[in-house]
Each structure stands twice: as C-alpha cells, then as structure tokens.
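Given the coordinates of chain A, work out where chain B should sit on it, guided by the hints.
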Amino acid sequence: MAYRNFQNFDNYAYECDDYKNIHSFDHSNSRNSVERFSSRPNIDFSVNSRRPPGPSYERPSDVRNGLRNSEFQVNMGQPSARVYDIYGDPEILIQPQNLYEPGPSRNFYHDSHWKGQPIRYSKALQNFNHSAGQGPQLPDIKQSDQGSADLKRFSRYHGCQEKLDFPYYTNQRNGPQIDQDLLAQPSTSRDTGFQQHRSNFKMPDGHSAQNLADDDDAITRSQSSFSYRDRPRLLDAFQSSKSAYNELTVRRPHTAPEPAISSLRHRQSAKHTMKDARQIAKELGLYSKTEEVSNADTNPSEMNSESQVVPAGLQDDEETKRKCWARMCQSITYHAHYTSASKEMENRNKVKQAQVSPAAGFAAWELRQQKAKKKLWETWKELISSLNVWSHPLKRIEGYHGTGVVSYFLFLRWLLFLNLGIFFLVVLFILLPHILFKPLESSELKIENKTLASSNYFPKPAALRLYSPSDLFPNLPDEVFSIFQDIGGKAFDQASQITSLLPSALKSDKAFFTDERLKFSPFCSENYTVMVNNFKSSKIDLVLQDFMQGTGWMELTLLFYGYYNHYKLNLFGTTRIYNFPLAYLLTTLAYFLASLVLMVGYTTEGVKETLMTSESQLHKYCDMVFAGWDFCIEDKKTAMLKHSSITRELKGHLAEDQRNAELSQWTRKKKAKVYTVRTIVNLAVLGLLILCGYILLLVSNLSLEKSGEDNEGFLAVVIQLLPSLTITGLSLVVPTMFGKMVTFEEYSKDFEIKITLIRTVFLRLASIGILIYSFHHQISCSGVSLDSCKQGINSLGCKKPMCWETYIGQQLYKLVLMDFLVAVFKTFVVELARKFIVTHCTCAKKIGRQEFDVTSNVLDLVYSQTLCWLGTFYSPLLPGITVIKYFILFYIKQFTVMVNCVPSQIPYRASRSNTFFMIVLMLSFVLCIIPLGYSIAEVSPSFGCGPFRIYSIMWLPVKEMIRTWPTTLQSIVDFLTSAGFAVPCFIILCLALYYYSAQTSAHKHMANVLKDQLIDEGRDKQFLLARLSEVAKQRELITT
Amino acid sequence: MGQQESVFTEEELEDYQELTFFLKKEILHCYKRFEMLAPEAVSKNRNVRLPMATVLTLPELQVNPFRDRICKVFSSAGDGTMTFEDFLDMMSVFSDAAPRSVKTEYAFRIYDFDEDDMISVEDLREVLNRLLGPGKKKLNEEDIEELIDNVMAEADLDEDHFLAYAEFEHVISKSPDFLSSFRIRL
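Residue numbers (full-length UniProt numbering), protein chains in the order written: chain A, 1 to 1040; chain B, 1 to 186.
One chain only, chain A, in its complex shape:
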C-alpha cells in the first residue's frame, strides 16, 4: 500500500522545522499524511506544558493552522475545547455511528460528558488503539522495524519533555522490552542509523534537516530510558490507532487485508475501567440510541447530535462485521489481563465470527469448548472467592485499625487453611485407611517374611512361625511360660516380671533387629495396653484431667501415635496392600513439603515487596506521602489517629535525618561510649536468653519428675502444664525487658523496633528448642537400665516412657491446649479487666488501654504453628485441633481488637510485617524439621506401640519399598542419596549462591550508576532544549 512508502519520510518529517513542506507533500495521500501527523501532538505539547525553564519548541504558526485544517491534529495538552474541535466534528463523530447499528442494550454507555477531559480522551484513544490494532478487519499497520525504531527514538526525545503522552498506556510487561531493544543498540550505532536514515530521506524542497542534525543527535543521545519506557509504545500505539481510525472513517473496510493479530502481541493492555469502555463505545458509535433516550441524565442536545443514525449505503454483511468488531474490541481491551491478549483475542474473534455466521462442524465444537472453558474459569473464580471467609470482619478491623493489624488476621487465616490442608492429608491417608481397611491377617507374616527375606538389610530370620513363648525364648525358665499364658489376665505386674526375667543378652540394643522386634512387639503391645488400661479411671475429675493431659482414656485413641497399627492393610476385599507404616511416613513427608511449598509461594509473592522495602529507603518520603493514607480507614477516631501517626512518622524521619547528620559528627569518646553500652546490652540480652532457657529446662524437668508421682486433681494439672505456663510467662515479661534495654543503645527508632523483634524471636525459638531438648533428654536418658520393651527409670529420676512417641505427642498436645487457654485467659480476664479499669477509673488513666501488638501476636501464632508441625507426627489429629483453635482464636482476637484495644500509636506497615511473619515461620519450620528428621532417621521407635514397632528405625519402610523397585531405579536412588551426589550438589549450590550474590551487587552498582546518569542526562536535556529553542527562534527571525 502506498502509505508504506511514507514511513521513512514521515518519521522525520516532523523533526525538521519545515512543516509546510511536509504538509504540501502529503497532499498526495491525505490519509497517510493524517496518519503520520497523528503523532504530532507530542511535539505540540511541549509548547503547552508549564515549564519554568521555558525552552520549548515552537513551530511556525502558519503550519499549525494548516494542520488544524487537516482536522486530525490532536493536541492533547490543550484543554478539552480543542479536542472537541477535532472529535466533536460531526463528520467524524457521527460517522462511526452511521456505520454501526446501535449497540447492545448496555446501560453503561450513557455517559454524556465524555469529551470534557483530555485525559480521558487520550485513554480512550489508546484503548481505541488496542481495539483498532487488534481488529480483524484492519490492515496490518505494523511498521517496518527501522521506521518504528526511529519513531520510538523520536518519541523518546519528546516523551521526556511533554506531558501529553502521559502514559496511560502502562503495560509493565511490554514496556521494558522495547526499552531494552533500544538500549541494546549501542548509542553510536543508533546515531549512525539515524544519520543514514536521514540521508535516505529526500526532503521535497531540498530544505534538509541537516541544520538541526547536531541538536537532534545530541538529543537522541541524551534520552533517558528510565521512567519513560512506555512512551515509545504509546506513540506507536497512538499512531496505529489513528490509522485504524482513518480506515474506518474512509469507509473502505472491504479492502482491508487480513487481521493484524501480530501487531497486537506487544499491545496487550491492562484492564482498564468502565469509563474507558464508554469512551470506546462512543468512539465506535456503539452507543445505544434507545438507552440514551431512556436515560434522563443525558444532555439533550448531545443526545440529539449523537443519535442521528443514518445507516446510509452500507451493505448488511459489512455492517454486521463492523458491529461485531466494535463489540469485540471493547470487551477485549478489558479482558486482556486474564490470558495473553492475543490468545484471548483470537478466541473472541472466533466467538464473534461464529455469532455472525453460524459456524459448522469443528469450529462450532471449538466454540462451545471455549465457552465452556470460560464458564468453568469463572465458576472456579467464584468458588475461590467463596473460600474468602471472614471478609466482613476483616473489613471492620481494617476500618478500625488499618492494614497493619489486618495483616495479622490474614496471616491467621492463611495458617488456618494450611492446617486444614495438612489435616485433610492426614485424614485421607492415615485416619481413613486405619479405620476402614482390615489388616492382613494370616498372610501378614508371610509377606513380612518375604519382604524381610528379600531385604538385604536384615539377617535372615531362622524361623518365622506364629509365635509361642517357647519359640521366642527357648531358654526361658518354665515359670515364665505360665505367666506368658496368663498374659490375657492383663496383670501389669506380671508383665513387668516377665521383662525382668528376660535374659540379659536380649536387653542389649544391638541384638535387636527387626525380626526380634517382630517377636517382641506383640508382647510389648500387650504390655502397653495393659499399662494404659490400668491407668484408666472413670472418675469425672480424672477424666477431665486426662483430657487436659492426653493420658488415660485418651492415650489409646486415634489422637496419638501409639494407637496406630503396624499392619499392612488390605484394601476392601482385594489383594492389594496398603502399606500403612509407609503411608504414615510418606504423609508426614507430604505435608511438610506442602507447607514448605505454600510458604515459599507466599513469600515469593512478597519478595518483590521485600526488595522494594529494602530499596524504599531511597524513597521513604514519597512512600509516606503518596502511600501514607490507608484508604480502608472508615472510623473517625482511627482517622484522627492516622493523621497524628503520619505526622509523627514524618517528624520522626526528619529527626532521623538530622540525627544521621549528627552521627557523622560524633566524637570518638561518644562513639566509644555508645559501643560499650551496646556491647554490654547485647551481653545482657544473651544472658537473659540463657537464663530463660535454664529456667525452662529446670521447670520442664521438674514437671516430668513430679508427674511420675501420684498427684491428684488440680496440682497434677498445674505440674503438667508448668512448662507451657513458663513459656507464656517468659514471652510476656522478657520482651518488655528487651524494650527497656534497647533504649540505652541509641539506635535509630526503626532499628530499635527491629532489634527488639529479633531478640523476641530468639526467645521464642529458644524456648521451643529447649522444649525439644528436654524431650530428647527424656527419651534417651543415659545410664538407664532398659527392659526388653525399652522402658526404664534411672537413678536420677529420668524415666523413659513405654511409648515415647505418644509421650511426646501428649506433651505437644498439652502445650497446644495450654497455648489456647492462655490466649483465652489473656483476652477475657486480663485485657478486659484492664479495659474496664481504665475506662471506669481515672486513677489508671496512665496505663491506658491496650494496643494490639501485631508482632508479639504473630509470634504467638508462629509458636502454635510450630507446635502443630512438631506434633502432627506423634499426634495425627493435632492439625485438626489446631484448625479449631485458630478458628476460635480468630473470633477471640477480633473481640480483643474491637473491644479491648485502641488503635496503635506506632504505625505498622503491612508490607514490612508480611515478610517478617514468613521469615519467622520459615525459621520455626526449620526448627521443626531438624528434630523430627532426626527422630525418624536415627531414634529407634518404641516396641510396644505405633506403626513402626517392628522397624528398628522409622525410615526403614521407605528403604523396604525401594528394595522392591527395579534395580536400575534402585541404583539411581542409591546414587542420589550417596555422598557422591550430595557433595557436588552442595558445591554447585554454593557456587550458584555466590554467583547470584555477586550478580545482585553488580546490579545494585549498575542501578546507582544509571541513576546518576539519568540525573546527568536530565540536566543535559534541559540545556539542549534551551539551545534548541534558541535556534528555533533565530530561524523564525530569519524567515520573517
């Protein structure tokens, strides 16, 4: 087509000052001239922009008049009048409406004030551009690379100066691409390209652009690429939109070539708003006439002008085509963010086309498929949104306390769903199989035998038959047999007699391989059951006590590890086997992996924010000014507080700056003093932490010792709950001490909060660590004389429980319950009382009402989540309990926040806290993984209980499973788990880490360099523009 020839020309036409020539030249093809001139507003704008330095690029006024006549000169910088001049022109405005039938009955096209604002107009035009660029009936308006690149360069130049191309067209995804394209070219080559291009370009009257060449080149070089990345595309887009518009108005749609889908690849748009839709609808004449009449608000005069529908001389098919295209455009533009725009576009294209001409066969089927898919996607979204529980309470909290506090509740909700997921896994793979499937009965031993025999790990058992005591212990004295027979009599004392009678050789740990375990475990299980049943009591207070402690009647339930069997299970009447121990282990692995993945997912969402936070130090004032106000706030008091907190924060930052200025002037003496104080405080903090750990250790040992004695009722409960009470008490007292101590250290306010937090986190994690240590100490006490079922008491009072897994489960269960009770107590007794005292008694005004401390509450949550992670292996129902706990906790905390607390004086930044929450959670996750992994891989499980009673370590079922795999797979697994793989892997990871950290620092450096460069270039630009305007003025003088 002809306009292709003009491409090269036009790109520079407006760069030279001789517009008149271009204008006359363009008369040969008015359509294309118009199209090219559409980019001109960019130039014009600099004239209108309010810039104190003032240099602007004035164009000869006669040219401008000439242009105005061409009716396509759009000056966006001018107030609406001018825009109206052009687009209010009935020629153009009504034409589209002539072309289209009134649109579908949509009410939102009734806006009558559409041409008032240049901004909206520009937006609309852009959207129009999207649609135009994407329209199937339009020619491919993509420019040749050279041409568009030049155009981009040009637009970069002007883009820096004008406010016209206010980049409403803000597509982050595509912006940088083009930018990089440009950046990728070395500046010299760009410039030479520019020159070459210029020489190719023949000026019609020989009045070449050389005069300005120097300036131009300098300007091109001085372009900043930084924040104007959207401008090139804007201009590009603008231009193509115009050409599309021309295509329309010229009424030659039937000559239009194939759809220009390729051109829209880099023209995806973000979803805009309805207002834009209205604009487009207006542009395209989709405006429904009837709607307008029915709309009372519409300006009557405008309505008249717009509703002159004269569908003259258009063939029907063309009209429908246009209609469908227009309709499509407006919906596509707003839909682009769902999928890639081009794909969406193609789909819609098909849909619409099919609507026009009923498609047959495959196309129709495809269409239906697409419709169904879309429907499905929407239903899915609806479904997901219905999971969005508590949105109303959250909103209320947000309105009262702002986003910082809400982030705590969001975290709580996230944890709740996490635990729900874990619980679901547990129910599906542990609970249900255990309840529903029958154990393999007679075949069990055979299978056991077979797998064991095939396994290389264990010595071949001599004989595996159904056991009788004489088989097991051939050299046992006779009297033991009778007791063995008697064991049905459930006499605990007798049972322990047996164990004491066992030959000492069997007591040695190393002699116990899995086949020995097979022999012993039925006996030990029996033993264990007897013991537990002995402790059962039906007295109501004891029942309650047992409920609190997880002992007695609760011990042998699904709640605890000990209840689960080691049998392989038979899937409903089939011969397939459900390997329960393996399932137990793999489920544990699965929920830890799932937690990790979810956490990583949650964190990566926030990573961008984290990076920004670290970078936001550069923009802290802007952040506060432009993002300071919480738009969610709806409470008057909170709003007042927000005002004052913003004031305080701003003041704080100003003071901080002053302080930093002072800091550099500190004398050596002062410095020495501060550093000494800091060292002392840090030591004190360390001492305090150690002290806390020691207290906790003492308390937990005490509680374990005492729990062996026969304590009744309340005292026993208190003793049992002593460790968790201590943890809670310490976490209440110590952080306030940290808060007091940090004031001596003369840190900045920001850092003060941070370091106190870190110390508090240490306290929490340390207390969990101590707890785990005390468990470990308990189950592996040294110097204990163990019986055959590996329980025993040493002289120091260290008592190894019969089923240590259940024991740990019980401890964690207690801690979970206690944690919950403390939260309830704190809320309804301490905080409520405080509130009443403060509100009703003037004497206590000083204390003031409680503020909701987000961080300490989050630490509480992390603590209880840690308990849950730790405990799920030993007490599979714990996640379910935790879910219920969190659910109730949500309402309790809501109560606290809304009733007991006043909005906080210290502003919490949601962004800052979110990442912090996750980091702490990750830390505690690691803290859980290590001891659990150790206990699975190293510690030998109890004989008498649990799914692993026949294995010498819990990990063996997996090894057993691997042994059944084909040899190649086995060798692969062997390799993957060997040091030969792990060490290189570790080294490679280290190298990668190093590489990325090096890259990060390089990027940082580069960013700084670029920023400096940008500032320099900004100055250059101003200087050059001043020169340019000088030259232009001189020129004007010469011509006149």
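Simulated from the structure, these hints should not be mistaken for lab results. Quick caveat: nothing in here was measured; it's all calculated off a predicted structure. C-beta atoms are modelled at their ideal positions from N, C-alpha and C, and glycine is treated no differently. No false leads were slipped in.
Estimated spans, in silico, between C-beta atoms of each pair: (1) B:T54 x A:Y996: 49 to 59 Å; (2) A:L923 x B:N129: 36 to 46 Å; (3) A:H392 x B:N47: 20 to 30 Å.
Among the chain B residues that face chain A by a calculated CB cut under 10 Å, a handful are: (4) Q17; (5) N64; (6) L128; (7) V151.
This is chain B only, laid out in the frame that chain A set:
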C-alpha cells in the same frame, strides 16, 4: 441472589464483570453499598446520579482526606456526582484485584489537585496538609518545606520541580505500601 436478579440481568452482570475487576457477587455487593447511600433515590432509578455530598457518606470516604478528589476523579461528569457505574468503577479500582498500573494512574489524578497533569509543589503541599490532618500537632512550615524538598529530591528525576506521571509511577513502583494502602475493601 433471588431478589437481586431483578436489579440486573445476567447479561448486564456479565458485562460488568468483564469491565471491572469484580465478580458478579461482588458487583451485587457493590450495588448494595451504593443503594445504602441513598436507598430511596436508587431504588427508584438505578442510574440516578447522586450528588457528591451523598457519595461522601460512604464510611471510607467520610474520613478520607482526599474524598473530594476521589469523587471528582471518578465522577463521569467531573463534578463529583456519581452514578452507580462511576461508583462501581471506583470500587473496582480500589479493589484488591486492580493492578498497580491502574491504581497508580488514579492515585496520580487524585493527587493532582489543579488537574494540570503534573504534581507541582503546590499539589504536594496540599497533599501533605490533608495528610497531616486538622490536628494540633501539625508540623511547622519549615518542616513542610523540608518534606516537600525531600519528596522532590527523591522523585523528581529531571529536576523541573514537577512530578510528571512517569516520575510518579516510578516512585510508586518502589513503594511497598502503596498496594495495601490504596485499597478499599468491599
């Protein structure tokens, strides 16, 4: 959803869903909130144009220091009056689902008090005055000047004492709090 069906047809809802960041359910909720502003007028005519004072009774807007600007920016008439579609538009932009680019765009217009497409020193001063509120503990003039200088130093890349949209966008893209604060929960 039974009685709400009478307010919007399924097709209308679908259109609204396509044009906003909302799901159908949320659109209906939005309508409820709009209706609450002026129950009588809205129930008579769904597309009634509510005056700015009525719109400002929305709790979130009531205390918002930029309330009049918000109304003006989102009003299709440009004078702060709002129809349901304007309202929906506003809620959509303030919703969670709206991308940063759209939010930034509207934030710029809200902060651009004199509507010259540039944030000038005067605009900034106005923003600060509104942010600091009518409280007693106001900053003194020098502090405000210093703040403005600081903001300009951070954001004004080409040093012309105006923040163009591009500069504003750049600064906002570095602001971690913007997305969470420029938001109104439905």
